[in-house]
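Going down the list, the protein sequences come from chains H and L. Last residue of the first sequence: number 266 in the working numbering, and the count goes up by one each step with no gaps. Last residue of the second sequence: number 613 in the working numbering, and the count goes up by one each step with no gaps.
Don't read these hints as lab results, they were simulated from the structure. Everything hinted at is true.
Which residues of chain H face chain L? A partial, calculated answer using Cβ under 8 Å: (1) A55; (2) H57; (3) P77; (4) H93; (5) E129; (6) R169.
Quick reminder that beta carbons are idealized off the backbone N, C-alpha and C, glycines included.
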Amino acid sequence: MLQLERLVKTFGVVRAVDGVSLSVDAGELRGLIGPNGAGKSTLFSLVAGHLRPEAGSINFEGRRIERLRPAARARLGIAITFQTVHLFRGMTTLENVMVGAHSWTNHEFVEAALRLPRHFREEPKIRERARGAVARTGLEPWADVPAESLPLGRQRALQIARALCGNPKLLLLDEPAAGLRGEERRELSELLARLCEEGFTMLLVEHDIGFVSRVAHRITVLDMGRVIAEGSPAEVRASEAVIVAYLGSVPADDGATSR
Amino acid sequence: MRRPRSLLGANPPATVGVLVIAAATLVLPQVLSAPNLITYVTIGLATIVVAGLSLLMGFAGQVSLGQGAFYGFGAYSAAILAIHGWPPIIALVAAVVMTAAVAAAVGALLLRLEGHALAFGTLALQLIFLSVLSQTPSFSGGAIGLTNIPALTLGPIAISGYRSYAYFVWIVAAAVLLVSRNITRSRPGRGLRAMATSPSAASAAGVGVVSYKLRDFALSAAYAGLAGAIYAFFLAYISPDAFSVMLSIEFVIMVVVGGLGTVSGAFVGAAVVTIVAQVLTSLGTGPSLPAQLPNVLSEGVYALILITLLRLMPDGVVGLASRLTKRLVRAKLERRATLRPAAGTVTGPVLAPATVETDGAHAARADGDTVPSRGGRAGGAT
Ligand SMILES: Nc1ncnc2c1ncn2[C@@H]1O[C@H](COP(=O)(O)OP(=O)(O)OP(=O)(O)O)[C@@H](O)[C@H]1O
Ligand SMILES: [Mg+2]
Chain H
8 MLQLERLVKT FGVVRAVDGV SLSVDAGELR GLIGPNGAGK STLFSLVAGH
58 LRPEAGSINF EGRRIERLRP AARARLGIAI TFQTVHLFRG MTTLENVMVG
108 AHSWTNHEFV EAALRLPRHF REEPKIRERA RGAVARTGLE PWADVPAESL
158 PLGRQRALQI ARALCGNPKL LLLDEPAAGL RGEERRELSE LLARLCEEGF
208 TMLLVEHDIG FVSRVAHRIT VLDMGRVIAE GSPAEVRASE AVIVAYLGSV
258 PADDGATSR
Chain L
232 MRRPRSLLGA NPPATVGVLV IAAATLVLPQ VLSAPNLITY VTIGLATIVV
282 AGLSLLMGFA GQVSLGQGAF YGFGAYSAAI LAIHGWPPII ALVAAVVMTA
332 AVAAAVGALL LRLEGHALAF GTLALQLIFL SVLSQTPSFS GGAIGLTNIP
382 ALTLGPIAIS GYRSYAYFVW IVAAAVLLVS RNITRSRPGR GLRAMATSPS
432 AASAAGVGVV SYKLRDFALS AAYAGLAGAI YAFFLAYISP DAFSVMLSIE
482 FVIMVVVGGL GTVSGAFVGA AVVTIVAQVL TSLGTGPSLP AQLPNVLSEG
532 VYALILITLL RLMPDGVVGL ASRLTKRLVR AKLERRATLR PAAGTVTGPV
582 LAPATVETDG AHAARADGDT VPSRGGRAGG AT
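Make a model of the complete structure from these sequences and hints.
What follows is the structure in structure tokens.
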């Protein structure tokens, strides 16, 4: 479904992504791990279209997409949740989520201004889909309050709801569990498992190796902008290169985390 | 927490407000004197322009210093077409479309650039507009202007006289405000509002940020062109003096006074600044006073207003008013909550007034909230 070939992105002298090749199958949940500054978020920005690679190609469902703008990639079915939560301030949770529907709806300024038929056809569908996304991320009690008043964990859930409202095929989740408490983490991993069953393809960045190992089918390890290991969770955790580069020391058990 | 529905609908204060305004617009043209009617029409025209400019400043985060030029372009287009025999109402509609088209062309060049490109570009556009007028006397009447503009007719109805314009302008203003409201409460409006606080998340959700800015800009120009076209028919005489750079600056000040992105703000800003300008003109005009005094006075006062407002009430008069009402409501709810603690009254989060915040500032804040140990490192996504 998604093939990255020798992607390169530099910031001045920093080679944030340094020749990354990666292939993700449809329906796969791929974990992406690596130390701080490894280039995980930069890689996501390249796939979502906020950054343009200096070299390399991105194939999504057989199409070259590396030159498309983010909105065009959203229309093809790519959705992202950001590591630093991005909310639309001054809008309610439900309205925030409804923005996600831009990728599969079309009515424009004139149609909205004059309340033409397509406005009336699309608007209820947007609302219905957004309500569904709000419900399955547990945000119903917050639906009508301003998004910026939500607790952090709920703001992360809102980002997922907004992504889901876009009807995506590929979900890029950048540390969705960061800052979440135990109960919220459990809810998140259940949600991810359910999305997996429904056939979503996902890339998940997460520092908690225990968490990724439980939900991901395969894990790719990045360090200094390069792929240093790839395989099943067990293989990756046994890999010497990973232990040295990423963990610094051998983890004691399943609960081991990087921070 | 859902309030029981009353006769006045879901939002009684808003409904009462609409009724009061509707009554006022019906009665005022009957009771105002002729000079006051002119002011009244002028406020209506300015409200239309400001409604558009506030959509641009509030959502695209861009300032146009050329709204006066679009106003003038609409006025001249309508006047010239009507003088050349077009039915006035068709000339008016054509003027609006032409103004939007000019803005779309200019915006396509400028909106891809970051920062203040649009502000400077539109200022340049205003200067070009004025110099074209002075260079084409045979066509535009040059410095003298155009005098023989036909009266505006809507089929059998001729709109003439201050009183009928007082009704016409406010009907058009109401229609424009309805259009603004329809847009903000729908897919494109949500896209615009989203773009105002986080362009990167908006684009990831499928909002074409550049094209939305462009549409927003063309829309704001269309509003200005519409007001200008009506102005041309209203006065039946237009000259370049009426479309100075100062007019563009006045429109920006009206937006700042009224506050961004509120429908009522457009009216409040237009009314306050128009009336202040008139008071200053009458103060500065007298037999023994220098002829330049009114201009100097108004420029000075505008500068003062701008500085004061930006420091004290960044969200304008209407923003200040709504902040105060919300504070009152909250105080009331809190009092109720302390009186009956067992009833479990939900005060709910108090709505913060919508403020435009840049992506970067927000990202930095969210970063701080999320992972304090990594403060200062920019997220790759922004
Ligand atoms: N916009 C930017 N400008 C300059 N340098 C950047 C930018 N974004 C990222 N970098 C640098 O690129 C490198 C990779 O950063 P990136 O955010 O992709 O890492 P990451 O793997 O997501 O790390 P973390 O786990 O801390 O989120 C880092 O050295 C970072 O400082
Ligand atoms: Mg990151």
